[in-house]
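Since chain A is already given, all that's left is putting chain B on it; use the hints.
First to last, the protein sequences are chains A and B. Numbering of the first sequence is given in this note's numbering, commencing with residue 1 and proceeding in unit increments. Numbering of the second sequence is given in this note's numbering, commencing with residue 1001 and proceeding in unit increments.
Bear in mind the hints are in silico, worked out from the structure with no lab data behind them. Please note that the accuracy of each hint is not assured.
What the hints assert, rightly or not - Estimated spans, in silico, between C-beta atoms of each pair: (1) A/269 with B/1255: 42 to 50 angstroms; (2) A/262 with B/1236: 39 to 47 angstroms; (3) A/92 with B/1477: 44 to 52 angstroms; (4) A/94 with B/1525: 33 to 41 angstroms; (5) B/1496 with A/188: 23 to 31 angstroms; (6) A/198 with B/1505: 34 to 42 angstroms; (7) A/188 with B/1472: 34 to 42 angstroms; (8) A/285 with B/1525: 32 to 40 angstroms; (9) B/1546 with A/203: 30 to 38 angstroms; (10) A/188 with B/1555: 48 to 56 angstroms.
By construction, the Cβ of each residue, glycine as well, lies at the ideal position given by its N, Cα and C atoms.
Now for the letters of each chain:
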Amino acid sequence: MGGKVTCTLGEVKNRADFIIYWGGNPAECHPRHFTKYTITQKGKFIPQGRKGRTMITIDIRETPSARAADIALIIKPGKDFELGTTLRALMKGQPVDEARVEEIGLSLDTIKDLVDRMKRAKFGVIFFGMGLSMTRGKHMNSAGILNIAAEMNAFTKFVCMPMRGHGNVTGADVVLRWTTGFPFGVNLSRGYPRFNPGEFSTVDMLVRGDNDATLVLGADPGATMPQPAIDHLTKTPTIVLDPRVTHTSHLARVHFTTAVTGVSAPGTVYRMDEIPFTLRPGLKSPYPTDEEIVNLLIAAVASKPGWRPAPPAQLAGI
Amino acid sequence: MVRITGGTVYDPANGVDGLVQNIYIGPDGRIAYIGPDGRSVADAQGSGVRTIDATGMLVFPGGVDVHTHVAGGALNFARGLVPENQRIARKFLHSPELRAGIGGLTPTTFATGYLYAGMGWTTVNEAAVPILSAKHTHEELHDIPIVDKSTLLLMANNELMLDLLEAGEFEQAKSLVGWLLWSSKTFGIKAVNPGGVAAWKWGKNANQLHQPIEGYTSITAAQIITGLARIVDELGLPHPMHLHQNNLGVPGNVASTIETMNMLQGHRAHLAHLQFHAYGGHDWGTMKSEAPAVAAEFLTHKNLTCDVGAVLFGDAVTITADGPWQHLLYELTGRKWGNLDVENETGCGIVPYVYSDHKIVNAVQWAVGLELLLLIDDPWRVYLTTDHPNGGGFWRYPEIIRLLMDVEFRKGEVRKLPPEAQNRITLGEIDRQYTYADVAIVTSAGPARALGLTQKGHLGVGADGDITIYSATPDAEGVMFSYPRYVLKGGQVVVEEGQVRAISEGREFIVHPAFDPGIEEFIRPSFQKVYTMSFENYPTEMTRLRHPHVVPCSR
Chain A
1 MGGKVTCTLG EVKNRADFII YWGGNPAECH PRHFTKYTIT QKGKFIPQGR
51 KGRTMITIDI RETPSARAAD IALIIKPGKD FELGTTLRAL MKGQPVDEAR
101 VEEIGLSLDT IKDLVDRMKR AKFGVIFFGM GLSMTRGKHM NSAGILNIAA
151 EMNAFTKFVC MPMRGHGNVT GADVVLRWTT GFPFGVNLSR GYPRFNPGEF
201 STVDMLVRGD NDATLVLGAD PGATMPQPAI DHLTKTPTIV LDPRVTHTSH
251 LARVHFTTAV TGVSAPGTVY RMDEIPFTLR PGLKSPYPTD EEIVNLLIAA
301 VASKPGWRPA PPAQLAGI
Chain B
1001 MVRITGGTVY DPANGVDGLV QNIYIGPDGR IAYIGPDGRS VADAQGSGVR
1051 TIDATGMLVF PGGVDVHTHV AGGALNFARG LVPENQRIAR KFLHSPELRA
1101 GIGGLTPTTF ATGYLYAGMG WTTVNEAAVP ILSAKHTHEE LHDIPIVDKS
1151 TLLLMANNEL MLDLLEAGEF EQAKSLVGWL LWSSKTFGIK AVNPGGVAAW
1201 KWGKNANQLH QPIEGYTSIT AAQIITGLAR IVDELGLPHP MHLHQNNLGV
1251 PGNVASTIET MNMLQGHRAH LAHLQFHAYG GHDWGTMKSE APAVAAEFLT
1301 HKNLTCDVGA VLFGDAVTIT ADGPWQHLLY ELTGRKWGNL DVENETGCGI
1351 VPYVYSDHKI VNAVQWAVGL ELLLLIDDPW RVYLTTDHPN GGGFWRYPEI
1401 IRLLMDVEFR KGEVRKLPPE AQNRITLGEI DRQYTYADVA IVTSAGPARA
1451 LGLTQKGHLG VGADGDITIY SATPDAEGVM FSYPRYVLKG GQVVVEEGQV
1501 RAISEGREFI VHPAFDPGIE EFIRPSFQKV YTMSFENYPT EMTRLRHPHV
1551 VPCSR
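Looking at chain A on its own, in the form it has when it is part of the complex (with noise of 0.2 angstroms):
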């Protein structure tokens, strides 16, 4: 059980003739995702474009990309797992509970069509977005669809992505799990990676106040996160490379204005698809770059006498 089956954005493009955005909405939150990647791309086995593909969403409220769907299903608000186990019960032709199912929001005739429609595509794709995996459920409701992508492959060709966002996001992600094995919620404090999200994520970590620092890159946590995090921050010596004054350069100890990564400063970039990018600035910046910011607190920390003495050669090393 379980797992991620999953395609790059070009499968998308040149194949998918059925596509079901669930608890997203990338008319506005991913502006250009329908016509360089999905909806009205033309693609090399869906040559008449939005006419040879089937749009679905599945949201709580009528959104603008529901706008854009041939099917709008709305449904009632934290039951997006429940209508994930009616669709992979229906799939398998197993029974379900009618009274039950109508708590979803909509009818078992719906649903029944919708699996209908998911056998008979070629090529199906569902993308979900934060509406699914940060409301009740969270990552049971990840899983769930998830689930259903990969059990739709007895039946037909079928893949999922999540709808992923805010600039490299998926390149902390890669570069996380090739250096210390897991994805985010890492904990090096023993000298070796740790995972466990919900002891490990940020929030966790601040809310309860274990760290005595905090570096912030390419994010605003104090205009996110949950007010003892914002406190912790506060109260303990917080650090921030951004290129703007944030909501967190506020309440900082320090803050260093670097150069806008793509536009005056050099990297890679992952896309949501994992597909990396080399980013070629156009312009110059006066300001430096995040990584000789981040280099030179490398070099100053090394340059520090060690708050613990170094371990006899016999026990360095693996």
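Relative to the frame of chain A, chain B by itself:
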């Protein structure tokens, strides 16, 4: 500058089989002298010359892994998919010299370098790189310290290439392959389940070698295999076409394996993880070893080399570009399944797996790998791999070496298998034992020769100073070769007394074959139509490789 004196040297590429020799590695990190004369070595005076007294020890050329998966999108996908494996894996503590990390089946990059070097392996060939994410692979390779690296480009399901082959445009296809190799800064060509991964984009596979591929009108797996082998030969690449055949892991696949060998007549080719392609029977209930038939056929094809992809009992993570096979494995095991289809190029599938010694199928697989290593009695053409991490972690190679070198131990292990499994294998009847020279060939000299890396896998004058020195006694568990006393990489002592002592950055071997530059004008418009990035963003820039080393092509 290092002197190694008094060691018993196994250097089969130069015909040295257990002679006491002295070695001097010069300031350029290459072997400057090897021979019986102690004086020339002693004369190499000067500051910074270190002497290692290897008296009573075994001196081997550094190991070369011809087929492994250590970096890139697929492996990194696997790392994220199995945090429960990472949690129980060996931990690497950071120190002033070493980076923190995690070992196990999908080790972090830094740990990968420490583990390979710690075992005495100094060159690794990453066997699966999509062009679209080659930049990512190179970023990871840069973070694998110590070892030298080469990479293979996934080609047998590249739709631009398939379109050209179907249209009969062989010369253009050849230029395309040359251009793609140089654009992705890779070293050789990998063919994975030719046509099968392209078909998987529609949920299908390519089980028949002579039927048109799903989505195409005429081209077949057989035409892709022979077309690519010819392209690789005509481009004069140092390494032959590296083939993961159709029907991997399927009972009864011996027929298509033998047919594929016959198809390749007249071309060089390397058959990857042959263990997974040597099964008889007609379903999982009747599966049996066909290693004797495969080995006998293989020995008649002097144009072919292979690695075994042996499996060891215990945990594994199966990672392959063979998407349809992984879907089947997911349905068989009900475990997690990762799948990533890469637009127009390839795919990848990941399923964690346990090879159990009570399961007949797994016991047969375990035996087939060893049978191939023993029955293909030309060690220069069969190499030790586990198709890491598909058959087990690379760091378990010493366990396989023990099974090869000790016939009594091996027969004892065979007797522990389920009786029904013992009826389906011949391993218990094989008496061959590997010599030290055989071990040096299948772990180093042979794969280096197959990769076309002339400075690797031997200890002749001019070779890279990549040397592994073992104690001549097995460890407490009876395993030789687990913990080298010294490992030298490029003349630098990187491992000593089981500790990583020095960190160097390995080189990356790449090729720059000759191709018609006009091919770019063909690629550009097709590319813009079917990809989702600008053509200019496609190639990997040379500046991304910190230590590139271009290996010349023979044409």
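Cross-check of the supplied hints:
Range check, residue 269 of chain A to residue 1255 of chain B: Cβ separation about 47 angstroms, and the 42 to 50 angstroms hint holds. Against the hinted window of 39 to 47 angstroms, the Cβ-Cβ separation of residue 262 of chain A and residue 1236 of chain B comes to about 40 angstroms, which satisfies the hint. Roughly 48 angstroms separates the CB atoms of residue 92 of chain A and residue 1477 of chain B, a value that falls within the hinted 44 to 52 angstroms. Taken as a hint, the range 33 to 41 angstroms is violated for the pair residue 94 of chain A and residue 1525 of chain B, whose Cβ atoms sit roughly 49 angstroms apart.
In this structure, residue 1496 of chain B and residue 188 of chain A meet the distance hint of 23 to 31 angstroms, their C-beta atoms being roughly 27 angstroms apart. Evaluation of the 34 to 42 angstroms hint for residue 198 of chain A and residue 1505 of chain B yields a pass: the beta carbon distance comes to about 37 angstroms. Taking 34 to 42 angstroms as the suggested C-beta distance range, the pair residue 188 of chain A and residue 1472 of chain B conforms, at roughly 40 angstroms. Between residue 285 of chain A and residue 1525 of chain B the C-beta distance comes to about 36 angstroms, which sits within the given range of 32 to 40 angstroms.
The beta-carbon spacing between residue 1546 of chain B and residue 203 of chain A, approximately 36 angstroms, falls within the hinted interval of 30 to 38 angstroms. Distance hint check: the CB atoms of residue 188 of chain A and residue 1555 of chain B are about 50 angstroms apart, consistent with the given range 48 to 56 angstroms.
In this structure, the one hint that does not hold is number 4.
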